[in-house]
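Here the protein sequences line up with chains A and B, keeping their order. Counted from 1, the first sequence has number 250 at position 265 by the numbering used here; the numbering is strictly sequential. In short: position in the second sequence from 1, add 2, done, that's the numbering used here.
By construction, these hints were calculated from the structure, which means they are not laboratory data. Heads up, some of the hints might be wrong.
Heads up, incomplete: computed chain B residues facing chain A, CB under 10 Å, no partners named [stated by the list, open to error]:
{"hint": "1", "residue": "D12"}
{"hint": "2", "residue": "W95"}
{"hint": "3", "residue": "S172"}
{"hint": "4", "residue": "A176"}
Keep in mind that this is a model prediction, so the values were computed, not measured. The beta carbon of each residue, even a glycine, is placed where N, CA and C say it ideally should be.
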Amino acid sequence: MALVTLTCPHCGFSKDRDDSLLPPAGTRVNCPRCGGQFPLAIGAPPAPVEDSLPPLAAAPAKRSWTLPFAFTGNAREYFGIWIVNTLLRVVTFGIYSPWAKVRKRRYFYGNTLLDEASFDYLADPLAILKGWFIAGLFLGLYSFASRTSPIASIVMMLVFAGLYPWVVVRSRIFNLRNSCYRNIRFSFKANYDEAYQVFLWWPLLVPLTLGLLSPYVVYLQKRYLVENCSYGTTTFRFDAAPRQYYLAFLPLLILVPLALAALVGMAFLLPKGGGNPVLLAVPMAVSAVVYLLTGLYVTTALSNLTWSSTSLGRHRFQSMLRLRDLAWIYLSNALAVLCTLGLLAPWGAVRLARYRLGKLTLSGVGRLDCYLAAENEAMGATGEELGDMLGFDLGL
Amino acid sequence: MISAHGFWLDGKVSQRREVTIACGADQVVRVQGDGVDVSAALRDLRIDPSLGTTRRMIRFPDGAAAETGDHEFLDALQRRLGRGRFFRAVHLWETSLPWACCALLLMLLAGFGFVRYAVPFLAAKAAYALPAATEELLGRETLQILDRLVLKPSKLRQERRRELTSLFASMTAAYPERRGWRLELRSGDAVGANAFALPAGIVVLTDRLVALAKSDQEIAGVLAHEIGHVRRRHALRHLMQNSATALLVATVTGDIVSATSLSATLPTVLIDAKYSRDFEQEADDAAVAYLKGRGIPVESYAEILTRLGAEHRKKQEKDSRFGELFADHPLIQERVKRVLAKGKR
Chain A
-14 MALVTLTCPH
-4 CGFSKDRDDS
6 LLPPAGTRVN
16 CPRCGGQFPL
26 AIGAPPAPVE
36 DSLPPLAAAP
46 AKRSWTLPFA
56 FTGNAREYFG
66 IWIVNTLLRV
76 VTFGIYSPWA
86 KVRKRRYFYG
96 NTLLDEASFD
106 YLADPLAILK
116 GWFIAGLFLG
126 LYSFASRTSP
136 IASIVMMLVF
146 AGLYPWVVVR
156 SRIFNLRNSC
166 YRNIRFSFKA
176 NYDEAYQVFL
186 WWPLLVPLTL
196 GLLSPYVVYL
206 QKRYLVENCS
216 YGTTTFRFDA
226 APRQYYLAFL
236 PLLILVPLAL
246 AALVGMAFLL
256 PKGGGNPVLL
266 AVPMAVSAVV
276 YLLTGLYVTT
286 ALSNLTWSST
296 SLGRHRFQSM
306 LRLRDLAWIY
316 LSNALAVLCT
326 LGLLAPWGAV
336 RLARYRLGKL
346 TLSGVGRLDC
356 YLAAENEAMG
366 ATGEELGDML
376 GFDLGL
Chain B
3 MISAHGFWLD
13 GKVSQRREVT
23 IACGADQVVR
33 VQGDGVDVSA
43 ALRDLRIDPS
53 LGTTRRMIRF
63 PDGAAAETGD
73 HEFLDALQRR
83 LGRGRFFRAV
93 HLWETSLPWA
103 CCALLLMLLA
113 GFGFVRYAVP
123 FLAAKAAYAL
133 PAATEELLGR
143 ETLQILDRLV
153 LKPSKLRQER
163 RRELTSLFAS
173 MTAAYPERRG
183 WRLELRSGDA
193 VGANAFALPA
203 GIVVLTDRLV
213 ALAKSDQEIA
223 GVLAHEIGHV
233 RRRHALRHLM
243 QNSATALLVA
253 TVTGDIVSAT
263 SLSATLPTVL
273 IDAKYSRDFE
283 QEADDAAVAY
293 LKGRGIPVES
303 YAEILTRLGA
313 EHRKKQEKDS
323 RFGELFADHP
333 LIQERVKRVL
343 AKGKR
């Protein structure tokens, strides 16, 4: 083992690396800073080079290209996996759930393709089991405390609120380190100070501004979640502006004051002692539908915006989800799941994944096979399991 | 010699090279092609368990991997290694539709067995094992919360209150575990004519019910019913059973329907109704046994039950809310029939 200094001929960025972690000399690699590609030369600093590689079928070296993501799983296959693993989970009183979780995740990752290569989920079920026990103990304590004494439950709630940023970071680290594409792992930088700022202190200010700050806080959170991710040694970049997040939230920012005004107006206009319940139900139903659609519009816009502002090296993501497609998928999924008492849930999950990934693309210049691996260490799963049990949604 | 087409991923750079993976009789796996030539002993390799038709990796000790979709080849390697039998079986189960349907049936069966037998059994064990001090605390705090939210002090005369308290004391005198049991008299429009048992032997009786009763024999029947609840620790068991089923429902549905929480709460509500029905029957049996022992006609208890049912129906019509949809008042008639049948025997 010896340290080797690598220098990027494009931007001059250099880094010391253990030579046992490096591919053979001559392999083309990506610069973690500027994304430029150069052939690896161990020993002498490489001279600036021009690409002289044979063109690749899917991703030509020099021309710019766009590659779609695709989901190849199908409902019939996933139904079997889902039902058998859920059964094993129930009959083992939950002990099997880490294995079930890894199997389900592996199915979704393994069927997510980009440039003909699949993703991979590598988490060790035993590590998850340990985290599951610790998280379960914690939640058990919480539910016991909240049933026996109100003061204890308030204390526990404060503890949970204080733990939230920690849970976010740990869960993100665990999941990304165990995610893999072309046998190169992703990773997440454990930046706790910033996590506490964007997930605890900033959100505390939101009520003081009557919610006007929330698009900015969401922007900060997404930026934090993206910018601390890396694929191998290359860090993801995030280039959205807060203004774009305000734009995405605009319907909600307009609708909430309008709805409040309408409520106050109705309270004044209605005759004393109620009135016709049908007359009341119609505006209630209309406002519920409008509210749901607006919420869905905002989440769709946020998802598109966040993905489309993310880039890796010289490659950029783009997400083009459409509101009416998503609204239809969510509505029909909910109906199907309810009418079949949950039996069509696997179908719904596969359908959603297929749509979401079908609308995601990666485009850029240069090949996808030049990203370098980083050193990795193992990581406990307590944060991930706690987040899972509390239902935190940390997706982009 | 068996071989398969696949891709080599060295784990150092994200390059994918087209290779041939082969394994001979010497149990050495050799990967060749596109500038790659690597071999390793089969016993040092890990092979991903099969999962649907997804491509799988052969993982090398140094972090490299060979990816292939040739499942026959991979299964042959796993057989040679003698590993991965459990997940091979799981995979066969997952991929066969009839067997997957069997899993569905088994799950329904397991869920039923769990809810019907395991949960009540474990909850009863836990309820009897709980320290008296904890139960006392739980009962006291529940009463405090009820006092703050729905109950008001009783408006009965001092002597009437003393009479009822001594009736309760005489009824519980026979039980050695009666320490801490007490009768609490309250009023309150929200609960109407009612009596209920809280943890730690606290029995609450409302003024409205006292007024509804035509004799103290009828009140004795109601109290005997509540003492039945107390003796069998129904309040605590109910609490624990509901927590356990909520946990079970969350385990099963947890990864499916976070969006439609109704489908998660509906089963819990239905199971809860079944549990409370079982407990009511047990308490009714206790009341019948007490009345028969004292030579009081069971009809008096049946009459006050009927009157209570009518009273609740009236109240329900007056302020109908969705919350009453699953209340167990329609079951009163069934309970009355059962009490009368038991009384005759």
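Status of the hints after comparison with the structure:
Checking D12/B against chain A by beta carbon gives a least distance of about 6 Å; that is within 10 Å, so the hint holds. Satisfaction of the interface hint for W95/B is found here, the shortest Cβ-Cβ separation to chain A being roughly 5 Å, below the 10 Å cut-off. Interface restraint check for S172/B: the shortest CB-CB distance to chain A comes to about 33 Å, outside 10 Å, so the restraint is violated. The interface hint given for A176/B is broken, as the beta carbon of that residue sits about 31 Å from the closest beta carbon of chain A, more than 10 Å.
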